[in-house]
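**Q** Here are the chains, one letter per residue:
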Amino acid sequence: MPAVKAPTSLRRLFDEIGTVDQVGIEERVAKFTTRSLKKKSKVFGLRLAVSMVDLTTLEGKDTPGKVASLCQKALRPHDIGDIPPTAAVCVYPAMVKHAKKHVGGTSVKIASVATAFPSGQAPLKTRLAEVHAAVNDGADEIDMVINRGAFLSGEFGRMQDEIAAVVEACGQSTLKVILEVSELETYDHIRAASFLAMRVIRPGDFIKTSTGKTSSNATLGNNQVMLEAIRDHFLATGVPIAMKPAGGIRTAKQALHFLIAVKETLGDDWLNNGRYRFGASALLNDLVRQLEKERTGAYQAPWNFSEATEGY
Amino acid sequence: MSHRLLITKTPKCYVGGAFIRSESGRVMALHDASDGFFANIPQCTRKDLRNAVEAAARAGPGWAKRSAFNRGQILYRLAEMMEARAAELAEAVALGGASQAQAAEREVAASIERVVHYAGWTDKYEAILGSVNPVASAHFNFTVTEPMGIIGVIAPDDSPLLALISLILPAITSGNCVVALASNTQPYPSILLGEMLATCDLPGGVVNLLTGLRSEMVPTFATHEHIRALSGAVNAADRKTLKMGAAESVKRVRLLKAEEPIDWFDDKMQGVEEIRALIEFKTTWHPVGA
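These protein sequence lines map, in sequence, to chains S and L.
Numbered by this note's numbering, the letters in the first sequence go through residues 1 to 312 in order.
Numbered by this note's numbering, the letters in the second sequence go through residues 1 to 290 in order.
The shape of chain L in the complex, shown without the other chains (with noise of 0.2 Å):
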């Protein structure tokens, strides 16, 4: 066994919970930070999206349905995925040299983290958000959260695991699905993460991972009815015109300036607010008896 044969592996995207090339067959080259090829990355389309979107529809209901604690599992055993993995996910972040291994690493146990911070947070948050509600009339009158639908993220070049994961999981604690588009510069954490929402329990469709370029990407982000919400850090134009689609298709807006430092690692990037940004909230009135 001195000469093994090579294996080198073929990275895709995870959609539908399934991993697929791009419907366009292209791919990007990826290199490691001496320069060297690493491996094509599936530079995804305007077309794998709308598949995305529709696999995320798919999934919605059910993963609506499930109940609170069942999802708060789900999540937690991602972050046990994750943890058997953190060596290699560490690799993943440091590839393009950005960042040093001991960041790497630092940003890998945040994400994880992150992750079991989202996975208590399930079966807790409509408990600080719902409400019952004072009303002048004979009404039992009181507020529920309800998750948006399908979410589309874009996540910054910087970051590539802790700000793509950051922005998937306040989304996912509370029912919704999410089609997010990965890190431009540093897809390849992106497709690791996939590998692990596969074993995680995670119905398929709930989150899907494209990678691609950004700027082909983001006008369908913009003007994709289906999708509710955008969560994201980009820069001012892509921001121009996720506004301006979102306001013909009547989707909620919330978006980082990726050309300002964003600190991922601080405390204020998870949390309740988070999820509340990205549900919707019925209010019912209830006659009792005076």
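With the rest of the complex left out, here is chain S (with noise of 0.2 Å):
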């Protein structure tokens, strides 16, 4: 239910795309973690997951260098087997030059973060420069951040104008729109941000649970509510609009347990990288050290997957 102030326009909302039953939802997605994975259906999934990881680097101390290695982590994830590389890279707008370098003319894409990441509190003129300047350096793909404070005031037109701007300043870079789950609180209010971000959005354009920079990231209660959310759009205007959870997806284990969610919500159709994605950088070792070991049948040591190894 929503909550007893909220305001008209979010209950006139609410009327139109229906409410989410908090407790069927998480009864739900509990049984995704039960089901079983096993030898080839497992190497399948992980695979898939794979190809699906934008590979993420948004820290302050990102450097050319760094994002240089990403790039060829991105391309080749491990220097044995025939792993596929990864969607994307997802980096600050500074860094799509230095990436382009290494990825530009490959399959794995750029895609930027813009309009103030992660807070979204800047002038709309900025922005849209920044979405401008990405684009024009080499990015396939925005990620931009709702106005936050606009949606939950109840301002639903600006906050769609917003994104329709951003839309535009995109050109052909496909778009992704960040809800920021953990700030809007209740699945209610996910449901009710999911359907106006979609309605501004091209078909194959991505809505995406966070950034990652706040306490609560992806889980596969709003993944679900979101998927549903694309689903119930899908089934009532044929627009296909794809998904990215981000943020606190760190193992292939979590990585099967989305795209069971996929599978069993949107279908086969949704299980490609053109509509689901993955954003992460932990999560790539792990998927890639659980199909070592379903190749070589041995449990695999962190230090074969470049991670930190302190001690070892």
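Heads up, some of the hints might be wrong.
Said to hold, decoys possible - In silico SDA-like links for lysine to any residue, alpha-carbon gap of 20 Å or less:
#1 47(L) to 36(S)
#2 42(S) to 50(L)
#3 293(S) to 248(L)
#4 47(L) to 297(S)
#5 240(L) to 297(S)
#6 47(L) to 296(S)
Claimed, not checked - Listing some non-contacts, in silico: residues in chain L with all C-beta distances to chain S over 12 Å:
#7 91
#8 113
#9 117
#10 272
No wet-lab data here; the hints were simulated from the structure.
Owing to the predicted nature of the structure, the values given are computational and were not obtained by experimental measurement.
Ideal placement from N, C-alpha and C gives every residue a C-beta, glycine not left out.
Bring the two chains, given one by one in their own frames, into a single complex with the hints.
**A** Written as structure tokens, this is what we have:
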């Protein structure tokens, strides 16, 4: 149920799109973690997950050198075996031109966060300029943050106008709209924000859970709320919207749970990196580690996968 | 209060500082000397072993960074915890009927003494094993020891407490972490030992104790790349499996023959040589002015 003092605009929206049954969602996603994936299907899932990773580095200490090694890792996640490249690298706008040198002309795309990531608290003009700069430097994909302040105060028109302005600024580049679910606070709000975003973006654009910069990130629960929003939107309009959970997905097992959610909610059409992505950095190591375990039959040590190994 | 409800204990394995059942949900029925049902012991699997290695990996750096003196304090406290429950430990050792009550008490006493023995070694082995080396150049050349990382321990069936603890202690004395598989036939003392490890200030994950079938776990001990050394007493077939796997994953192997009688009470089964077997040496060449 919407909060008692929900703005009129929000109540009107819920009349249209319906609210979320929180207990139902959580029971549903708990089931996803009980599926048994073994052998061939596990390898299929792990390889698929690798191909869906947006390998990310979003730190103040990023350097062109660090981005270069990130790009090499995205192109060739492991030196042995035939592990596929990741979907994209995800960097700050200033790093786009450095990434371009390494992955330009390959299957690995360059995604750039823009619009005053992660807070989004900058004048619209500045945010759009940032998007233009990233696109001009060669970003194939733009990850924007929504104006949570506008959403929470019920100014949906303003929020949607801003997204529409960014869509226009993107040109040919794909857009990913970050809802920052942890700041939306309820499943109802996540569903509402998903619909508002989906109505102004293009087919094949993404909605994305979070920036990874706040305390809580992508969970199976809020992933499921967004997947169901995508499904309902698709059934009503025929427009396919893609999805990207980001932040907090660190293990291969978690990634498989998310893929099961996709498979059982949206079906096979969404099981490719055009329609589903993982925003992650540590996840890739664990995926490769588990794939190596399947290939060799032996549990692997972390030092084979560029992980920190202090003390060993 | 004439009719108290019977309160039976669910034995659980001590892994990562927590008491767990096997992820498989399987158990092995354990019987006492008169063949009556005693308890269900977790039958751990290779996945439990994998989880235990992850727990050991998390605990490792912190344990290795503890001061030698602090490690000694913690080991001594383990002896204190065992001393307080020595009678219960003796009952557990005598449970299968393989040893008489007196022999069980002797085994517990020897185990506690062994803990104290290694508690004393924590701040002394470095002085004996490390060295300053004479070299023919303007260098200060010295060798220090470092723990290897995660040590896999496979205990024999006999001497279920003394053998297990004799294998674990030299590894953790120098800052290694241990994933140990307890006696197949007499696993209950390892369950009690886990409860004492949990209350002796030893950080969770430094020692992980599994119970289960050796035949199911040995191949994973052999091949797991994160385990840096194997220490135990096993039969010929298992020695072969462990050596083959260790050759593939390049780990150190230190195995006694379980088919021959081993005198775990012997003073030769403890000491600095046991510690030396599970450490790495690092030699540094430091330039000095001529």
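**Q** Now look at each hint and say whether the structure bears it out.
**A** Status of the hints after comparison with the structure:
With a C-alpha separation of about 14 Å, the suggested pairing of residue 47(L) with residue 36(S) holds against the 20 Å cut-off. Distance restraint check for residue 42(S) and residue 50(L): the Cα-Cα separation of roughly 18 Å lies within the 20 Å cut-off, and the hinted pair is therefore satisfied. Restraint check for residue 293(S) and residue 248(L): satisfied, since their Cα atoms lie roughly 14 Å apart, inside the 20 Å limit. Between residue 47(L) and residue 297(S) the CA atoms are separated by roughly 13 Å; this keeps the pair inside 20 Å, and the hint holds.
Simply put, residue 240(L) and residue 297(S) have alpha-carbon atoms about 18 Å apart, close enough for the 20 Å limit, and the pair holds. Between the alpha carbons of residue 47(L) and residue 296(S) the distance comes to roughly 16 Å, so the proposed pair stays at or under 20 Å and holds. Distance to chain S confirms residue 91(L) as a non-interface residue, since its nearest Cβ pair spans about 37 Å, more than 12 Å. Listed as a non-interface residue, residue 113(L) keeps its Cβ farther than 12 Å from every Cβ of chain S; the least gap is roughly 31 Å.
Every Cβ of chain S is farther than 12 Å from the Cβ of residue 117(L); the closest lies at roughly 26 Å, confirming the non-interface assignment. A cut-off of 12 Å between C-beta atoms confirms that residue 272(L) is not in contact with chain S; the least separation is 23 Å.
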